[in-house]
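Here the sequence shown stands for residues 1 to 112, numbered as in our numbering.
Hints listed in this document are in silico derivations from the structure and should not be mistaken for laboratory results.
Ideal Cβ positions, reconstructed from N, Cα and C, are used throughout, including at glycine.
Take the hints with a grain of salt, since some may be wrong.
To be verified - Pair ranges (Cβ atoms, derived): (1) Leu5 - Leu50: 31 to 41 angstroms; (2) Thr96 - Gly19: 48 to 58 angstroms; (3) Asn89 - Val36: 16 to 26 angstroms.
Claimed, not checked - Calculated lysine to any residue pairs in the SDA-like style (CA-CA distance at most 25 angstroms, straight line): (4) Lys4 - Leu50; (5) Lys61 - Leu38; (6) Lys107 - Gln53; (7) Lys47 - Lys4; (8) Lys3 - Gly19; (9) Lys47 - Ile62; (10) Lys3 - Lys47; (11) Lys47 - Leu20; (12) Lys47 - Gln74; (13) Lys61 - Leu23; (14) Lys107 - Gly41; (15) Lys61 - Leu50.
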Amino acid sequence: AVKKLADIRLEDSARVQTGLSELDRVLGGGLVPGSVVLIGGEPGAGKSTLLLQVVTALARKISCIYVSGEESHQQIAERARRLGLPDANVQIASLTIAEHVAELVAKERPGV
């Protein structure tokens, strides 16, 4: 159905702060549970490193799964250790098929 923009009632969305103040600012206060955020950039720009830092910070508060379509479990663990990130509560998965990611999320029900 078509609606006028002015007729749509807005509700404040609960947000989960990432622990990185600038990222939270850009996201309007943090991540909205159930939403998808696309992070783009040139190869080597630091997207994977940024997201590993975010998931490590979030894993202190809520359940998280870091899913990579390009890196193995070993590569992710090596990066985390190189950055000195705590790893006790971080779950990782290496999946390249979107349906498999959706199945994992449906099964595990992570907070992020």
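Going back to the hint list, which numbers does this structure go against?
2, 4, 7, 8, 10 and 14
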